[in-house]
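As a plain string of letters, each chain reads:
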Amino acid sequence: MINIAIQILIWAVGIIAVVTVNALALVYLERKVSAHIQCRLGPMQVGFHGLLQTVADAVKLVSKEQIIPKNADKVLFILAPILAFFPVIVLFVVMPFAPNLICRDLNIGVLYVFSFASLEVIAIFMAGWSSNNKYSLLGAMRSVAQVVSYEVPLLLAVLAVVLVIGSLKMSEVVQYQHKIWMIFLQPAAFLIFMMGGLADTNRSPFDIPEAESELIAGFHTEYSGMRFALFFLSEYSNVFLVSCIATALFLGGWYGPFVNGIHWFVIKVYALVFVMMWVRWTLPRLRPDQLMNFCWKILTPIAILNLLVTGVVLKLVH
Amino acid sequence: MEMNVNPQQAAAHQKDGLMGVVFASLEKLLNIGRANSLWPLTFGLHCCAIEMMAASASRFDLDRFGAGVFRGSPRQADLMIVAGTVSRKMAPRIKMLYDQMPAPKYVIAMGGCAMWGGPYQYDGQYAIIEGVDRIVPADVHVPGCPPRPEGLIEGLLSSA
Chain W
47 MINIAIQILI WAVGIIAVVT VNALALVYLE RKVSAHIQCR LGPMQVGFHG
97 LLQTVADAVK LVSKEQIIPK NADKVLFILA PILAFFPVIV LFVVMPFAPN
147 LICRDLNIGV LYVFSFASLE VIAIFMAGWS SNNKYSLLGA MRSVAQVVSY
197 EVPLLLAVLA VVLVIGSLKM SEVVQYQHKI WMIFLQPAAF LIFMMGGLAD
247 TNRSPFDIPE AESELIAGFH TEYSGMRFAL FFLSEYSNVF LVSCIATALF
297 LGGWYGPFVN GIHWFVIKVY ALVFVMMWVR WTLPRLRPDQ LMNFCWKILT
347 PIAILNLLVT GVVLKLVH
Chain D
11 MEMNVNPQQA AAHQKDGLMG VVFASLEKLL NIGRANSLWP LTFGLHCCAI
61 EMMAASASRF DLDRFGAGVF RGSPRQADLM IVAGTVSRKM APRIKMLYDQ
111 MPAPKYVIAM GGCAMWGGPY QYDGQYAIIE GVDRIVPADV HVPGCPPRPE
161 GLIEGLLSSA
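For the protein sequence lines, the chains are W and D, in the order given. For the first sequence, the positions run 47 to 364 when this note's numbering is used. For the second sequence, the positions run 11 to 170 when this note's numbering is used.
In case anyone wonders, no lab produced these hints; they're calculated from the structure. Any given hint could turn out to be false.
Unchecked claim - Between beta-carbon pairs, the in silico distance windows are: (1) D:Leu-36 <-> W:Trp-342: 48 to 58 Å; (2) W:Phe-304 <-> D:Ala-113: 21 to 31 Å; (3) W:Ser-259 <-> D:Ala-137: 24 to 34 Å; (4) D:Leu-40 <-> W:Val-121: 22 to 32 Å; (5) D:Leu-107 <-> W:Val-359: 53 to 63 Å; (6) W:Val-108 <-> D:Arg-144: 52 to 62 Å; (7) D:Gln-135 <-> W:Cys-85: 50 to 60 Å; (8) D:Arg-98 <-> W:Met-338: 41 to 51 Å; (9) D:Lys-99 <-> W:Ile-313: 40 to 50 Å.
Claimed, not checked - SDA-like cross-link-like pairs, simulated, lysine to any residue; straight-line CA separation at most 20 Å: (10) W:Lys-225 <-> D:Met-100; (11) W:Lys-116 <-> D:Ala-113; (12) D:Lys-38 <-> W:Ser-109; (13) D:Lys-38 <-> W:Lys-343; (14) W:Lys-361 <-> D:Pro-112; (15) D:Lys-105 <-> W:Ile-113; (16) D:Lys-38 <-> W:Gly-271; (17) D:Lys-38 <-> W:Val-105; (18) D:Lys-105 <-> W:Val-105; (19) W:Lys-116 <-> D:Lys-38; (20) D:Lys-105 <-> W:Glu-111; (21) W:Lys-120 <-> D:Pro-112; (22) W:Lys-116 <-> D:Met-106; (23) W:Lys-180 <-> D:Ala-113; (24) W:Lys-343 <-> W:Val-194; (25) W:Lys-116 <-> D:Pro-112; (26) D:Lys-38 <-> W:Ile-113; (27) W:Lys-120 <-> D:Lys-38; (28) D:Lys-38 <-> W:Val-108; (29) W:Lys-180 <-> D:Met-106; (30) W:Lys-180 <-> D:Arg-103; (31) W:Lys-180 <-> D:Lys-38.
For each residue, glycine too, the CB sits at the ideal point set by N, CA and C.
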């Protein structure tokens, strides 16, 4: 009993530490990647090549004034950033980092991941609604519409993968790929998953919920200081999580040439994170109607077709 | 070992990153954090705004000093760069934006117009606020018409 309690404590501390440090590193990475894509240098003055830049940002954000607008719904306004950060930590519970490095290897791992990932929408809408600000509300509405729509092709793509593997357990999903990675069996599903992932994390080219030129900052317009930082951190952690899930489902998790292990998982995850940043800083933003058309008229039919073909082929093979 | 961090020392070691072990009061730590992460408000009034954009783009790159994160929302900004002529119609909005920013907040008056009215200051003029100091407290004044991006960077570093 006491062993289990200690184990849970170690996992909780470890996950929270990894989430925060990783998010800080990703913010730095994003600024560097964006800078080099735009032919700039990025943070250079704080620490060696700006390594301490996000630490300085964090120090500043902690010491900033916390503003709660007079007409805001105070309870929801304070709860929303916490609720936005909660699924991130919860999702790390089933991430298969290495054969022996899974906190809880649930039977329904994949289902668990996607059910908690969709909680994020509620936090975003709470933030937008409680701010009592037209930009926040518009941003939140767009975000909800977008995330709910893009979850359809995303889940259909994942369903095809689960159909091939025949298990929802994260460790079995990875172990299935020890000979051939899922990306080679399901390339269409991988592309759909990555596009849906970009849309789910509200990142460019699907970042209309926080389109700066029209909505100021989207659903977190009224948030200042540490509450804003929580939204910021949860966005970057979500990018990391989408890459983690893609690595586990499609890129063979901890398997790789030479020695299998956590290093392959980390390398693949950061490569995917880099691709997502690359996409963000090289593509323009879509219009809301283009976004919805792309989801319902292109991605969803392809995902359904992919699922159908997968089912037929599996039936013929067995 | 007790070592006081003065800004010159800290600045001297910022480039090589060899700060060593430093003991300092919390206020000093907060000040280092604030100085190195001044997020400006995306907010341009007139032609100086073009120079402000140039300062954040490839050649001059404000992001080197951690000041490249232009935030659209005043709630998330620390620094207001008043880049251009302040007309009487714009003045209430500028005051409102300043009031919406969370403390600690700083203001840079960029260019002649924001400092004293610039070329638009003459007897009998009725449309221009002669200097942004009359509505919000400016911490740094950057002269020029318009100032070069280097001037803005200098002003930003001296405000930090």
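_Agreement of Lys-38 of chain D and Lys-343 of chain W with the hint, judged by alpha carbon distance not exceeding 20 Å_ = violated, 56 Å
*asked:* Would the hint linking Lys-105 of chain D and Glu-111 of chain W be met if the CA-CA limit is 20 Å?
replied: Given pair Lys-105 of chain D, Glu-111 of chain W holds - Cα atoms ~18 Å apart, limit 20 Å.
*asked:* Please verify whether Lys-116 of chain W and Met-106 of chain D have alpha carbons no more than 20 Å apart.
replied: holds, 15 Å
*Quick one, are Lys-361 of chain W and Pro-112 of chain D close enough, alpha carbons at most 20 Å?*
Roughly 62 Å separates the two Cα atoms, so the pair is violated.
*Could you tell me whether the CB distance from Val-108 of chain W to Arg-144 of chain D stays inside 52 to 62 Å?*
Because 34 Å falls outside the window, the suggested range is violated.
*C-beta pair Ser-259 of chain W, Ala-137 of chain D: status relative to the range 24 to 34 Å that was hinted*: Holds, since Ser-259 of chain W and Ala-137 of chain D (Cβ atoms, about 28 Å apart) stay within the stated range.
*Pair hint outcome, Lys-180 of chain W versus Met-106 of chain D [Cα-Cα no greater than 20 Å]*: With a Cα-Cα distance of about 17 Å, the restraint between Lys-180 of chain W and Met-106 of chain D holds, given a limit of 20 Å.
*State, for the Cβ atoms of Arg-98 of chain D and Met-338 of chain W, whether the hinted interval 41 to 51 Å holds or is violated.*
holds, 43 Å
*For the pair we were handed, Lys-105 of chain D and Ile-113 of chain W, check the Cα-Cα distance against 20 Å.*
holds, 17 Å
*Would you check the hint for Lys-180 of chain W and Ala-113 of chain D, treating anything up to 20 Å between C-alpha atoms as holding?*
It is violated: about 24 Å lies between the C-alpha atoms, which goes past 20 Å.
*asked:* Can you tell me whether the CB distance of Gln-135 of chain D to Cys-85 of chain W sits inside 50 to 60 Å?
replied: violated, 42 Å
*Is it true that the CA of Lys-38 of chain D sits at most 20 Å from the CA of Val-105 of chain W?*
Cα-Cα ~11 Å, so holds.
In summary, the structure is inconsistent with hints 2, 6, 7, 9, 10, 13, 14, 18, 19, 23, 26, 27, 31 from the numbered list given earlier, while agreeing with the others.
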